[in-house]
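Based on the sequences and whatever the hints tell you, model everything.
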Amino acid sequence: MPRYGLVIDLERCIGCHACAIACKVENDIEQGSWMRVEMLDGQPLDTARGQSPKLTMHYLPLACMHCQDPPCMDACPANAIYRRDDGVVILDTSKCNGCQDCLSACPYGAILWVETTGVATKCHLCAHRLEKGLEPFCALCCETKAIHFGDLSDPQSRVSQLITRRSGYTLKLKERTEPAIYYLPPLNQRPV
Amino acid sequence: MSTETVVHTACPAHCSGNACGILAHVRDGQVSKLEPATFPDNRYTRICQKGLTTLQILYHPDRLRYPLRRAGARGEGKWQQLSWDEALDYVAERLKDVAAKHGRRSVAWVLGGPGSGTVKFGAYTRFAGCFQGTRVSTWGYGDAAGPCGTISTFGAHQLGDFVANLEEPRLNICWGTNPAESGPFRMRSLLDAKERGVKLVVIDPIFTITASKADEFLAVRPGTDAALALGMMHQILEDGLEDRDFMSRYTVGPYLVRQDNSRYLRGRDLSPDGDDTYMVWDMAVGEARVADSAVKPALEGSYNPGSVSCKTAFQMLKELIQEYPPSRAAEITGVSEDKIVRMARAYATLKPAAILTNNGLGRTYHGDITFRAVGTLAALTGNIRLPGPAGHRGVQYNWGPFLKPRADQPSYSRLGILNMYDAIARGEPYPVRAAWFAFINFINQCTNNNRILNEIIPELEFIVVADMFMTTTAQHADVVLPVCTFLEFTDMVNGPHPYIQLQQRVIPPLYESKSDVQILRELAPRLGFDEYFKTEEEFIDLLLDSGDPSIEGINVQRLKEGPATIKSPPRPTDHTASAQFRTPSGRIEFYVEKLLPFGEALPVHKEPLESNRTPLARKYPLSLVQVHSKFHVHSSYVKSAWLHELDTEPLLEINPADASKRQIQDGDLVEMFNDRGQVKVKAKLNAGVQPGVVNLTHGWWPSHFREGNLNALTNDAINPAQEAAYEANMCMNDNLVEVRKV
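Chains as they are written, first to last, in our numbering: chain V, 1 to 192; chain H, 1001 to 1742.
No lab work stands behind these hints, which were simulated from the structure alone. Certain hints may be false.
Stated by the list, open to error - Here are some chain V residues pointing at chain H (derived, C-beta under 7 Å):
| no. | residue |
| --- | --- |
| 1 | Thr-144 |
| 2 | Asn-188 |
| 3 | Gln-189 |
Stated by the list, open to error - Taking lysine to any residue pairs in the SDA-like style, the calculated list, with each CA pair at most 20 Å apart, reads:
| no. | chain 1 | residue 1 | chain 2 | residue 2 |
| --- | --- | --- | --- | --- |
| 4 | H | Lys-1199 | V | Ala-78 |
| 5 | H | Lys-1404 | H | Ala-1193 |
| 6 | V | Lys-145 | H | Lys-1404 |
| 7 | H | Lys-1033 | V | Arg-129 |
| 8 | H | Lys-1033 | V | Gly-32 |
| 9 | V | Lys-145 | H | Thr-1045 |
We put the beta carbon where it would ideally sit given N, CA and C, even for glycine.
Right under this line is the structure:
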């Protein structure tokens, strides 16, 4: 069985938010997005850290981590959240009772509350596109090709190889959620 | 059941004229989704955060729906709705009136960049030509400094053709350009190169997102880039890393310059039978010879042919460079000496090394010299892509019928946009009394807003604005014509290189809006030149009918099948024999005779007009720059609700040290001001903005500011040296300001 996931290359991410907007386009999200862009080092958006000329500024796109062991699933009293065999974690909005327990359970802040409908929603890796053999829309629309989609269970897949070669890592190891979203750290500067 | 159709179109937004292909999905007559079009080479399958939100513009509730005629005072906001017939009859009558009173060229068409539509642009120049009115060139709307400097040095418009488009560069330098934000498609190739081990250097006053990807970042004081280039050249000469062979063969380096009048020594200066030919010192015979016939031309030194004291142009350049050791360049630019030295060595040794520039680099008073200094640095090291005998030829479209539509009469008069200020306000060089603004938000985006509002707009007897929205400029119009978005009409766009795409109409124009071409086509019969106006598709075919082999067989029918590839002419394998620069000498000219009256024959460093080292800086110590936002394309897309969600209001970026001196904290409301005007915004503390500099991203509309407007603070000075070279440029990045908490 495949385990689908994303590998997001922070070296290539330019913080343009095209992924977040692509997500809105593809999934008809009026307010907010299932994908959001923050700063890797937690500073205010679009500001540098350090002092000139020694400065850094790295972006961190965040979405549902499609955890192996999703805390949101355990927290949902309505059984609206389930994990498919291919690793995609789905929130069935028709079953959502609006309790918002999943929002507080998710360590990644990945669940979007929709005020107008009173239900929780989240990324499903564009499951409707995966069925057609297409990659998630955020990956297609990423201008610098920072977002790679693929099968993490296949050691030969491009995503697996990138994780190995570039020391890919997941967020919040302590939570033991085993995310399917990996990050490739920015490269070190090489003086000329 | 609803059916979905998919139309291949292209986004003509003004991103360095290199359009993305778009697939538009249409369901029940509504455009439901845009996605990137697929190209055989998937590097071209792309869309950006702005293009993705185009439906927010298409279906924006504020879209202009009907022609409007002013019903109150200018800018009062009172309008009368007109039918198209009423509107066009009225416009035709008023244009004729103004022409009868003040002459035909007193009617001006002011157009945005051609990147925002090809035949749309052509239709307007054709209209201005038929009318024999004025076409206002908008190169000077921030983009003229590059052409000024590059025409002088290389004989062509685009510096990038010579110094950026090198094959397999071993070093990439982004000099004053920020592709990660202003043209993200260009960032992808830089990141690909980084993955291959090619280092990236960024030179910028601001630590931009592009800078955040750099291996080295040089934080340069705004407008001092020429001094940086001179300092690098100093180190290159010091280390003997210059490419003397290149300088001898392709530049004016060996040409002798008279020391009495600073002009090139010509054949006629030495002999009554001599002509205009340039002379060199032939070391083989120890005398001056016509350049082409010399056996061993001297590259440097002082000589006295016919007792005229002369130096080679290279010698003169060298003497200028000697004044700029890296220590002095460091003192001027704020970049450390160590970095200047290392950068110079890297650029001269990691060949070919590419320098990427864009127009922001030229938005200071001496921006033309900046481009010349960068070009000279490239020539000194031979990091130049040589042109073939015909230059670096792009596609040759059939522009003739659009620029001079009628053989039997002269076409339009051309006026640079900064010259238009004086033409309207002072009648110089001739009076302009009516203006038609199309795809340009003139009042918002052009420098010295308050002068525009107080001295220019009131002098215009008639103003037409064709736009999608009630922009600041439209608010001051007498007639506003509603135009449609790019999804509602057909045009042709260049790009992504090497493709040409049809910007294909996806749905008919909404409301009563029309395309610019359609508006002109309906207005033309009212002015007696209907035979010159066609449909968009006919105009595209006319434009493509140039006979240029690179676009042979491409027409609208072909483009409807999908993007067509421009066939590049075979590049000569050996350029060395045929390289030709379209300068007076046919060589790269780092020494420019026609700039002698300005003391700028060489690319000398001159402090910016509003340098923070001038007395004015005691009153206004901060240098204002206007970085282009990743959320706008100039002032368009500002109304996209989805982008607005991410970028809620304009913020004045200031270094924490400068903020602290003024007791300003992040989020405080501040006023930025100088003698010309003021603007009130919230402050954003950012260490990426170097001390002494403030940044406010351009493109916001006055309604977004608490008070005032950004371009109320910017100057409209004209640099006569730029006029001599090409066209005077606006300097949005050369303005001193002060900021205080309010």
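Going through the hints against the structure:
Taking 7 Å as the C-beta cut-off, the interface hint given for V/Thr-144 holds, the closest approach to chain H being about 5 Å. At a threshold of 7 Å, the smallest CB-CB gap from V/Asn-188 to chain H is about 9 Å, leaving the interface hint violated. Using the Cβ-Cβ criterion of 7 Å, the hint placing V/Gln-189 at the interface with chain H is satisfied: the shortest such distance is roughly 5 Å. At most 20 Å may separate the alpha-carbon atoms for a hinted pair to count; H/Lys-1199 and V/Ala-78 exceed this at roughly 53 Å.
Proximity of H/Lys-1404 to H/Ala-1193 is assessed by CA-CA distance (about 44 Å); at most 20 Å being required, the pair is judged violated. For a cut-off of 20 Å, the pair hint linking V/Lys-145 to H/Lys-1404 is broken: about 45 Å separates their Cα positions. A distance of roughly 14 Å separates the Cα atoms of H/Lys-1033 and V/Arg-129; the hinted pair therefore holds under the 20 Å criterion. At roughly 18 Å between alpha-carbon atoms, H/Lys-1033 and V/Gly-32 fall within 20 Å of each other, so this suggested pair holds.
Note on V/Lys-145 and H/Thr-1045: the hinted pairing holds, with a Cα-Cα distance of about 11 Å set against a maximum of 20 Å.
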